[in-house]
Amino acid sequence: MKEKLSQFEEMEQRMARMLHQMQHISSQCNQHSTSVDLENLDLEEVDKEMAVNEASHSTAPEDNAPIPSPTSSDEATA
6 MKEKLSQFEE
16 MEQRMARMLH
26 QMQHISSQCN
36 QHSTSVDLEN
46 LDLEEVDKEM
56 AVNEASHSTA
66 PEDNAPIPSP
76 TSSDEATA
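At position 1 of the sequence shown (counting the first as 1) the number is 6 in our numbering, and the numbers step up by one without a gap.
Check the hints yourself; a few may be wrong.
[Said to hold, decoys possible] Listed next, with one range per pair, are the computed distances between beta-carbon atoms:
(1) N58 x K9: 32 to 40 Å
(2) L24 x H62: 12 to 20 Å
(3) L10 x V57: 31 to 39 Å
(4) N58 x Q18: 19 to 27 Å
(5) A56 x E15: 18 to 26 Å
(6) K7 x S32: 34 to 42 Å
(7) Q12 x N35: 29 to 37 Å
(8) E49 x S11: 20 to 28 Å
(9) K7 x E54: 30 to 38 Å
(10) R19 x E50: 13 to 21 Å
(11) C34 x S11: 33 to 41 Å
(12) S11 x D42: 32 to 40 Å
Hint data in this document are derived by calculation from the structure and do not stem from the laboratory. From the three backbone atoms N, C-alpha and C, an ideal C-beta is built for every residue, glycine too.
Please put together the full structure from these sequences, using the hints given.
Now the structure itself:
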């Protein structure tokens, strides 16, 4: 039973990864207004692109990031 559960979890992780790749490909197509040839698509290259994009997004400040709430020391000076 544990082996089947492990296989199911592994399959679920692969499906989640594939979904993430498909979402990335879709967003790239929307940005560049080009078609993608799925027959010749290099998923390793997609993974590299995704890693670069995710790294750039994690270091860039978000325009709509929530404003930090004031701490008790900030409230005392306000």
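Going down the list of hints, with the structure as the test:
Distance hint for N58 and K9: a CB-CB separation of about 35 Å, consistent with the stated range 32 to 40 Å. Separation of L24 from H62 is about 18 Å and conforms to the stated range, judged on CB atoms against 12 to 20 Å. Here the CB-CB span from L10 to V57 is close to 34 Å, well matched to the stated 31 to 39 Å. As the Cβ distance of N58 to Q18 is approximately 21 Å, the hint placing it in 19 to 27 Å holds.
Against the hinted window of 18 to 26 Å, the Cβ-Cβ separation of A56 and E15 comes to about 21 Å, which satisfies the hint. At about 37 Å, the beta-carbon gap between K7 and S32 stays in the expected band of 34 to 42 Å. For Q12 and N35, the hinted distance range of 29 to 37 Å is satisfied, since their beta carbons lie about 35 Å from each other. For the pair E49 and S11, the beta carbons lie near 25 Å from each other, so the given range of 20 to 28 Å is met.
Our hint of 30 to 38 Å for K7 and E54 holds, since their Cβ atoms are close to 36 Å apart. Evaluation of the 13 to 21 Å hint for R19 and E50 yields a pass: the beta carbon distance comes to about 18 Å. At about 35 Å, the CB distance of C34 to S11 agrees with the hint of 33 to 41 Å. At roughly 35 Å, the beta carbons of S11 and D42 sit within the given window of 32 to 40 Å.
Checked against the numbered hints above, the structure violates none of them.
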